[in-house]
Amino acid sequence: MRKLYISATAVFWAMVFVFWAGSVWSPRAEQPTVGSADRAISAAELARHALPETCWMAIRGGVYDLGAYLPDHPSRPQVIEPWCGKDATEAYNTKTKGRAHSKSADEMLINYRIGTFVPDGH
Amino acid sequence: MSALRWLSLPLLTLAVPAGFTFWAFPEGLSPVRTVAIVIGWIGCGLLLVNLLLMLREPRLAGWLGGLERMYLWHHRTGVAAYVLLLAHPLLLATDGLADSPTVAWQTLAPLDESWPVWSGWLALVLLMLGLAVTFLRRMPYRAWRWLHAALGAAVLLGLYHLILLGIDEPVLPILAIAALILGWRAVRGDWGLAAQPYVVASARRVAEGTVEIALRPLADPLAVAPGQFILVAFFAGPNFRGCGEFHPFTVSSIGRDHMLHIGVRALGDCTRRIQSIQPGVAARVMGAFGNFLAERTSAPQLWVAGGIGVTPFLGVLRAGGISAPTTLLYLNRSETDAAFLPELRAIAAATPLLSLLAVATGSALPDLEHLLPEAQHLAGCECYLCGPPGLVAALKRVLRQRGITARHIHFENFEFR
Numbered sequence: 042m043r044k045l046y047i048s049a050t051a052v053f054w055a056m057v058f059v060f061w062a063g064s065v066w067s068p069r070a071e072q073p074t075v076g077s078a079d080r081a082i083s084a085a086e087l088a089r090h091a092l093p094e095t096c097w098m099a100i101r102g103g104v105y106d107l108g109a110y111l112p113d114h115p116s117r118p119q120v121i122e123p124w125c126g127k128d129a130t131e132a133y134n135t136k137t138k139g140r141a142h143s144k145s146a147d148e149m150l151i152n153y154r155i156g157t158f159v160p161d162g163h
Numbered sequence: 078m079s080a081l082r083w084l085s086l087p088l089l090t091l092a093v094p095a096g097f098t099f100w101a102f103p104e105g106l107s108p109v110r111t112v113a114i115v116i117g118w119i120g121c122g123l124l125l126v127n128l129l130l131m132l133r134e135p136r137l138a139g140w141l142g143g144l145e146r147m148y149l150w151h152h153r154t155g156v157a158a159y160v161l162l163l164a165h166p167l168l169l170a171t172d173g174l175a176d177s178p179t180v181a182w183q184t185l186a187p188l189d190e191s192w193p194v195w196s197g198w199l200a201l202v203l204l205m206l207g208l209a210v211t212f213l214r215r216m217p218y219r220a221w222r223w224l225h226a227a228l229g230a231a232v233l234l235g236l237y238h239l240i241l242l243g244i245d246e247p248v249l250p251i252l253a254i255a256a257l258i259l260g261w262r263a264v265r266g267d268w269g270l271a272a273q274p275y276v277v278a279s280a281r282r283v284a285e286g287t288v289e290i291a292l293r294p295l296a297d298p299l300a301v302a303p304g305q306f307i308l309v310a311f312f313a314g315p316n317f318r319g320c321g322e323f324h325p326f327t328v329s330s331i332g333r334d335h336m337l338h339i340g341v342r343a344l345g346d347c348t349r350r351i352q353s354i355q356p357g358v359a360a361r362v363m364g365a366f367g368n369f370l371a372e373r374t375s376a377p378q379l380w381v382a383g384g385i386g387v388t389p390f391l392g393v394l395r396a397g398g399i400s401a402p403t404t405l406l407y408l409n410r411s412e413t414d415a416a417f418l419p420e421l422r423a424i425a426a427a428t429p430l431l432s433l434l435a436v437a438t439g440s441a442l443p444d445l446e447h448l449l450p451e452a453q454h455l456a457g458c459e460c461y462l463c464g465p466p467g468l469v470a471a472l473k474r475v476l477r478q479r480g481i482t483a484r485h486i487h488f489e490n491f492e493f494r
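So the protein lines, in turn, are chains A and B.
Add 41 to a position in the first sequence, counting from 1, and you land on the number used in the working numbering.
Add 77 to a position in the second sequence, counting from 1, and you land on the number used in the working numbering.
Keep in mind the hints are simulated off the structure, nothing from the lab.
No experiment lies behind these values; they were computed from the predicted model shown.
No residue lacks a Cβ here, since even glycine has one placed at the ideal position from N, Cα and C.
Just so you know, not all the hints are guaranteed correct.
The calculated SDA-like cross-link candidates involving lysine to any residue, where the alpha carbons are at most 20 Å apart (straight line), are [said to hold, decoys possible]: (1) A:127 to A:95; (2) A:44 to B:201; (3) A:44 to B:160; (4) A:44 to B:207; (5) B:473 to B:446; (6) B:473 to B:448; (7) A:127 to A:88; (8) A:44 to B:448; (9) A:44 to B:156; (10) B:473 to B:487; (11) B:473 to B:368; (12) A:44 to B:153; (13) A:44 to B:206; (14) A:44 to B:151; (15) A:44 to A:62; (16) A:44 to B:203; (17) A:127 to A:102; (18) A:44 to B:214; (19) A:44 to B:152; (20) B:473 to B:485; (21) A:127 to A:103; (22) B:473 to B:486; (23) A:44 to B:212.
A short list of chain A residues far from chain B (calculated; beta carbon distances all over 10 Å) [as the list claims (entries may be wrong)]: (24) 80; (25) 82; (26) 84; (27) 90; (28) 91; (29) 102; (30) 113; (31) 128; (32) 129; (33) 131; (34) 155.
So here's chain B without its partners, still in its complex pose (with noise of 0.2 Å):
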């Protein structure tokens, strides 16, 4: 990744919060309360940031460094916002204590208080909920992400707040902006407006709970590279029902007419219920995004897959294979499991430069000690991960310490939450 690319993000993540800052520093106030209000600009803008890294727009994506690192961003920049939201009352009410105690509860007390400060109240609290429901990781997706945009409601509630105070002029314009992105994300990105259509041509089993499914253009067909991944919503065919929701699935391969292949592994219920899809289901797709395999040099690579993991690096294979001596490590349950396993095999025995290792984990964690190569053998090499949060952090931490610097890793988790 450029430099520019990877400094983009805390650059935008500085910026928009110290613009605030300096357009609504408060003067003559208390140290306290300067502090307080500084903090409650800092935490707004971050949360403007925050709003807008949630944008499925693939040529922001690309500016940005890519989707999953705007996602990672997103929970950073909403995690700081809180922090120093929920710091914000605490001082100005430390300010009050100057006066009595009971004018520093007075400034909390919600009860005492109107609609300025209630409206407060309920956009921190609504804050609150929101990211507890964010941090509860067994929730259906559905539900998770209709709570999940509550947190919307809370920022515009906590815009409503300033304004209420009187501090309307630098306000209106960011609630503005607010709405603005919280309205291009649902029309463009929930509602699909940005999407292509597109139809299920077949779907074949090629293991067990995982699905490959061939997707026909009816329109124009999007731009993809191999290894990249899209957003793909199934609606309604002859007697399949999809969930209509976007969800991400890496391209396995681009074939004729601009088909799509991508695979589909049952890990929630929307991708349990598209194991049973079949040819004629309407489908919508935005992308492509991510850079995961695009930036590859003539070093020895290491390429490790967990489970459905494997679909960027088959991408790849099928669509010309490789120019370095590769070592794929690819990582299951199970043998039944491990989607694509006899063509990768195939693929590996007319490939002198690949070299293939499949492993069945069983549902543990794999011991990584004894599966990753020691340290002289990965000397020189650019490691690519690719599978589920964990592992890859496992993995991550074993290659760290086998001696390979962070800009020799690369990695993509395929979770959104």
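For reference, chain A alone in the conformation it holds in the complex (with noise of 0.2 Å):
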């Protein structure tokens, strides 16, 4: 057993080392652009998709369609799904202790992101 224990440490700290060489050695993933394409959502619209499968949600002024993405949040359901059709801003910055989310989160949002949030739009 100390054989095995010796052997699962060494190549544990020999995977971690392989993820940050990638990180760091990886051309840097295409963001999608934001700007041109991003249309003007309301609150009303948001609003329209509080269900999970189609759960949109507002965070730091943009909307995010977050409907195929849910299942994967660590957290349970009860937690995230409340926030479907809202803006959301402040849990996403308070996620636990105050804590806003990671750097590595705010990397997967832009893959969801759809437009801009206009809380006074019709």
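Using the hints, build the complex out of the two chains.
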């Protein structure tokens, strides 16, 4: 068992190093451009997507279609689903003990952007 | 050992992780993320089984096939859980590769994250360091025991990691059970609430570095059979200060008024100190454990003892002898080291069914190929082995080579690390 411990630990740290090296040396992923294709989405339109299957959320001024992502979210559904159809910026920024989501989450979120949130729009 | 007892530990080890996985199986995720999460839950279940197996309760030990077997599975489940929990973050990061290598690394990178991930990392590193200490055989037992206990903190921290991720529904009861088991072990096992008070009635030197101690009960005596072992902690006496830690000792005989005799060999700091023990020293005793010699048949028997491993055999012989032809091979470094040898010779001389072969082997592992009977003399024999783990492993190997199947080889190591 001692040998298993040593080899598993060595493989683990080697893999951590490989992931780190992969992020340093790989070309940065193309990020979807935000701007001209962005359309304005009002609070009323946002509110029509309050079900988990068609879940949209407004976060930091953007609107994100998170219906496909929700099953992947680590927390239990009751934590995240109530924010569907709403401005979830505050929840996003204060995930745990006042801390915001990680950079990794920010980067993943971009992939789901569909528009700009215009709270007073029609 | 009955089939049910034999199966109890494998079944428990399978059932708890399977139950956790069934309860918390993720749906609609990518295959890699699903495997990562399932592996995390299996690791979590194995850790809970691992905690349960460190309890020192005679009834539980009886159900699960003995304390020594529980400790063996405690080691197995601990290392298996560790390997799975190492794979858990690596697989989560692998899932991130579908987005980009940057996302994959950020899934792992502790500096970019917050408490939900930091707590997971901290638990994993504590587990890593705690297990590294576990494998340090030369560390003094007291320091080893405290550092090993830090693994309990790693388990609690790992469960807290899940709660911070928002997965509190199944985790809170698991956290409560884990905390209860750790508290149970600390209060009943380490602080001795499960132990009975005894006092040292006498102590006599039976070989170089070995004393036999008689313990008189001060309250209800424990139910002990010859050949079983008990956990004993020695405290203060008139001119003696014990180390207050529970150590396993085999009962060498049970006297009138439930007086327990144990053989103590100086194998570590605490047992070296016990060599100078005096009557009147307070002790606490837990047990009894083990069924090493309890299920003997009428078949011819080979008993092999290494050093102080002779005590369970002596316990049986003192309690009334044997009913089957028995050979006792007693291996020692030197004749002066051989505890109870004059008494064993006297018992052998008075017992036609017993043949005693005492061999001084020096410090090296003895030449078992020559010492053990040939295959034709072992046919139909039940073999009972008790001694240091290295010796028992070597004995098992030679006996298997001589055609003895595993179910005819019974053994007890007297090491709990």
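Checklist entry - Regarding the pair residue 44 of chain A and residue 212 of chain B, is the alpha-carbon distance no greater than 20 Å? => result 10 Å, holds
Checklist entry - Once the closest CB in chain B is found, is it more than 10 Å from residue 155 of chain A? => result 18 Å, holds
Item to check | Least C-beta distance from residue 131 of chain A to chain B larger than 10 Å | outcome: Holds: least Cβ distance 16 Å, greater than 10 Å.
Checklist entry - Just checking, residue 129 of chain A versus chain B, shortest CB gap more than 10 Å? => result 14 Å, holds
Item to check | Pairwise hint evaluation, residue 487 of chain B against residue 473 of chain B, where the allowed Cα distance is 20 Å at most | outcome: With Cα atoms ~9 Å apart, residue 473 of chain B and residue 487 of chain B stay inside 20 Å; holds.
Checklist entry - Taking only the CA atoms, is the gap from residue 473 of chain B to residue 486 of chain B under or equal to 20 Å? => result Judged against 20 Å, a Cα distance of about 7 Å means the pair holds.
Checklist entry - CA of residue 473 of chain B to CA of residue 368 of chain B, is that 20 Å or under? => result 19 Å, holds
Checklist entry - CA of residue 44 of chain A to CA of residue 214 of chain B, is that 20 Å or under? => result Holds, at roughly 14 Å.
Checklist entry - Holds or violated: are the alpha carbons of residue 44 of chain A and residue 62 of chain A at most 20 Å from each other? => result The given pair, whose Cα atoms are some 27 Å apart, is violated under the 20 Å limit.
Next on the checklist: Just to be careful, I want the Cα atoms of residue 44 of chain A and residue 160 of chain B compared with a cutoff of 20 Å; is the pair within it?
Outcome noted: 12 Å, holds
Checklist entry - Holds or violated: residue 44 of chain A with residue 207 of chain B, Cα cutoff 20 Å? => result Holds, because 16 Å separates the two Cα atoms, which is no more than 20 Å.
Item to check | Given pair status - residue 448 of chain B, residue 44 of chain A, alpha carbons within 20 Å | outcome: Not OK: residue 44 of chain A and residue 448 of chain B at ~31 Å, beyond 20 Å, violated.
Hint compliance for this structure: hints 8, 15 and 30 are broken, all remaining hints hold.
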